[in-house]
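Enquirer: What follows is the residue order along each chain.
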Amino acid sequence: MSWQRRVLRIDLTKGTAEAEALNMEWANAYLGERGLATKYLMENMDPKADAMGPDNVLIFATGPLTGTMASTSGRYAVVTKGPLTNCIACSNSGGKFGAELKFAGYDLLIIEGRAAEPCYLHIVDDKVEILPAGDLWGGSVWETEAAIKAKLQNPALKIASIGVAGERGVFYACIINDLHRAAGRSGVGAVMGSKNLKAIAVHGTKGVTVDDPKAFMAVVKDTHAQLAASDGRKELTVYGTHAMIDMMQEWGSLPTRNFNEVQFEGTHRINPAASTAKNANGHQNLLTNKACFGCTIACGRIAHIDAEHFTIVNRPRYRGASGGIEYEAAFALGPVVGVDDIDALTFASFMTNEHGMDPISFGVTLAAAMELFEMGVITEADTDGVALNFGNAEALTIMAEKTGKYEGFGRILGLGSKRLCEKYGHPELFMGVKGQEFAGYDARTLQGMGLGYATSNRGACHLKHDTFAADMEDTSGNGKAQVCKDSQDFTSMVDSTGLCLFTAGTWGMEGFQRLLDSACEGDWTAERLTEIGERVWNLERQFNLAAGITADDDTLPKRLLEVPAPSGSAKGKVNELDKMLPEYYAARGWTADGVPSNETLARLNL
Amino acid sequence: MQKSLLITPELCTSCLQCEMACSFEHGGVFNPAKSRIKVFEFEHGRRAIPYTCTQCAEAWCMHACPVEAITKNPETGAMEVIDAVCVGCKVCTIACPFGTINYNADTGKVLKCDLCGGDPKCVEACPTAAIVYVDSDWTGYDRMRSWAARTDPQPAS
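Going down the list, the protein sequences come from chains A and B.
The first sequence begins at 1 in the numbering used here and counts up by one.
The second sequence begins at 1 in the numbering used here and counts up by one.
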């Protein structure tokens, strides 16, 4: 009940597919999705293994609430060792693929080894095939989804696939499902490519049941009503995450031109208001909003590009609608590269979706290349003749396509910012942590965000903690360690349920606790769930420590630690990581070297 | 008063809460593959169209059925499949011009919308009111009213 209690294990080296019973002891200790997959990863691979080698293990994991009527029940996570970071990677996605995998009867899909030739998986309930993908290899995500549905004559298939970026090992290649939902960060798509696995096509007809249907449906009704009434939910429905851009601009935490500035003069041309305004041709960027599976929020954006825009004037293929810009794409294809042309951002976003790469890492890497270009360290001789100046919209769109297709200078951009900056002798220009680029929040203005970035187990990330309210209340680092730790634990739990983080602000712990307690066998108390979150976080840390990460990696670039914010609400401030980090380790019950103490491990049964 | 499902596709976000509610009501399982209402997406999700049985008054499926397993519920107007009578011949699935009655290999019977006996669960589940349950004689009422509201006011004399 709620779990399908089955795991599908694929060994691509041997060409085998076998279903096995889910380890319920682990499910009870780690819940599902992120947490349970982390446990399976830890038990199935050596954290020191090469992320791009056959010994890395790639896990697709649903949660106990995935595929139920609880709102936002479409989430699944991809957990593996990330090539961008050499840390544990945990990227979750919405769309409809995750629920479909669960309907086919599986909680987890574990992929091991490496296929000799390109292949894809075809899963319809108990029937599992590993099929040749020679004809799909080299195609985009959009082409791949269409080709598989046509070839297998099944439009009901839900597909997760990689584009050329994943095939060729762009370090931040992602896995895209349902055309424009992404397991986005840390290069999980490159791992899939390294296994010669082009796509996973699933159709499930088994459905999902819960332990106490009557009680569960009563909680579903309550939690749906809470979301329906919530102002935060309404803002997400109407504006999407895109709304953050105006808030961050006003607050002065909108990273601009590779984090040299914290406010962007062109924000009003790429914000939600701009997306619903008509241009001179009468064109409006935003068409409608769109939900993932089971979601009563529907924050997704569906947009199209003006047919006269330079990016598509001769490319009618891109006149149609697709996933529009959400906040992180808006930041990473906008302010951080200095571009304020909303249709150029949308085209670049289409490229990152179609070719399967993380727009955050791509944009922040391009920003570093632009800084190097403006410094004269690289020239047009390096960049295929493209002037990589900040603000050059054409350069943005050309490089998004080149990187996605692994062509020319795009191959260098595909290294990610850390490796690119090291290659050109300026490691200080890398804006990220543990090899992964920052999201769209400046850590000088948002202190707790900086601590979250520094300590996130998948490298710089804005989604693994929630210190916003505390950061907006107080621009100092005071008290942020505990807020960061507690919210990391809570988020780890939410990411293990199969639901979306965007319900958390409305529901708090109570909503999740009630849904899980009625859906899953046994007693699921808030205390138990909090402990699960903390256990998951510590297990991820143990993976990273075993992979060779140390406390020295829990840091931020000098630009955020030494160069004061030039404007905004925290003008003149730097991030106070040196003060917050020891407090954080103490709050976690870790040693001064950032290692979980024996007492902490014992308390969490690790 | 008989009532009908009225679907406004522009309001649909493709969340599939309706499909889960339908399958749960009829089988106790969240299972879109067994739902009697389906949402179809086009153009990368720009359009999402919920689609189900319109409960034809002279229903093709009812007339085609050789064993009279499909009967009209006099209270709701729904064409309902009597599972005990249905032999799974699938002739109704050929007869329906809209494809809204389908065979279910798990049971050997056909599945179609029965309006949940007058309390359609898809309506309750839909978060955007893309599916509503209204007077069958006045499914156009709201649209009529909204067009009426656009009529120019009388010019000032």
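Warning: the hint list may mix true and false statements.
Calculated lysine-lysine pairs in the BS3-like style (CA-CA distance at most 30 Å, straight line) [unchecked claim]:
1. Lys206/A <-> Lys38/B
2. Lys90/B <-> Lys214/A
3. Lys151/A <-> Lys121/B
4. Lys558/A <-> Lys423/A
5. Lys151/A <-> Lys72/B
6. Lys221/A <-> Lys90/B
7. Lys206/A <-> Lys127/A
8. Lys127/A <-> Lys234/A
9. Lys423/A <-> Lys48/A
10. Lys72/B <-> Lys234/A
11. Lys90/B <-> Lys109/B
12. Lys234/A <-> Lys38/B
13. Lys72/B <-> Lys149/A
14. Lys38/B <-> Lys90/B
15. Lys234/A <-> Lys14/A
16. Lys121/B <-> Lys72/B
17. Lys149/A <-> Lys206/A
18. Lys127/A <-> Lys38/B
19. Lys109/B <-> Lys214/A
20. Lys109/B <-> Lys149/A
21. Lys109/B <-> Lys206/A
22. Lys90/B <-> Lys121/B
23. Lys90/B <-> Lys206/A
Think of the hints as simulated: they come from the structure by calculation, not from any bench.
Enquirer: Does each hint hold? Answer for all of them.
Expert: These are the hints, each one checked on the structure:
1. Taking the CA atoms of Lys206/A and Lys38/B, the gap is about 17 Å. The hint holds against a cut of 30 Å.
2. For the suggested pair Lys90/B and Lys214/A, the alpha carbons sit about 34 Å apart, so the restraint of at most 30 Å is broken.
3. Proposed proximity of Lys151/A and Lys121/B is contradicted: the alpha carbons are some 35 Å apart, above 30 Å.
4. Taking the CA atoms of Lys558/A and Lys423/A, the gap is near 19 Å; set against the 30 Å cutoff, the hint holds.
5. Proximity of Lys151/A to Lys72/B is assessed by CA-CA distance (about 41 Å); at most 30 Å being required, the pair is judged violated.
6. The straight-line distance between the Cα atoms of Lys221/A and Lys90/B is roughly 36 Å, outside the 30 Å bound, and the hint therefore fails.
7. About 12 Å separates the Cα atoms of Lys206/A and Lys127/A, which keeps this hinted pair within 30 Å; it holds.
8. For the given pair, Lys127/A sits about 41 Å from Lys234/A by alpha-carbon distance, which is inconsistent with the 30 Å threshold.
9. Among the hinted pairs, Lys423/A with Lys48/A is consistent with the structure: their alpha-carbon atoms are about 24 Å apart, no more than 30 Å.
10. The suggested pairing of Lys72/B with Lys234/A is violated, with an alpha-carbon distance near 41 Å, which exceeds 30 Å.
11. For the hint linking Lys90/B to Lys109/B, the alpha-carbon distance of about 8 Å falls within 30 Å, and the restraint holds.
12. Proposed proximity of Lys234/A and Lys38/B is supported: the alpha carbons are some 26 Å apart, at most 30 Å.
13. For a cut-off of 30 Å, the pair hint linking Lys72/B to Lys149/A is broken: about 38 Å separates their Cα positions.
14. For the suggested pair Lys38/B and Lys90/B, the alpha carbons sit about 19 Å apart, so the restraint of at most 30 Å is met.
15. The suggested pairing of Lys234/A with Lys14/A is violated, with an alpha-carbon distance near 50 Å, which exceeds 30 Å.
16. As the CA atoms of Lys121/B and Lys72/B are separated by approximately 20 Å, the hinted pair is consistent with the 30 Å bound.
17. Of the supplied pair hints, the one linking Lys149/A and Lys206/A holds, its CA atoms being roughly 20 Å apart against a limit of 30 Å.
18. For the proposed pair Lys127/A and Lys38/B, the alpha carbon gap of about 24 Å is at most 30 Å, so the pair holds.
19. Restraint check for Lys109/B and Lys214/A: satisfied, since their Cα atoms lie roughly 27 Å apart, inside the 30 Å limit.
20. The hinted pair formed by Lys109/B and Lys149/A meets the criterion: a straight-line CA distance of about 27 Å does not exceed 30 Å.
21. The straight-line distance between the Cα atoms of Lys109/B and Lys206/A is roughly 17 Å, inside the 30 Å bound, and the hint therefore holds.
22. Restraint check: the Cα-Cα separation between Lys90/B and Lys121/B comes to about 26 Å, which is no more than 30 Å; the hinted pair holds.
23. Restraint check: the Cα-Cα separation between Lys90/B and Lys206/A comes to about 22 Å, which is no more than 30 Å; the hinted pair holds.
In terms of the numbered hints stated before, the structure departs from hints 2, 3, 5, 6, 8, 10, 13, 15, listed from lowest to highest.
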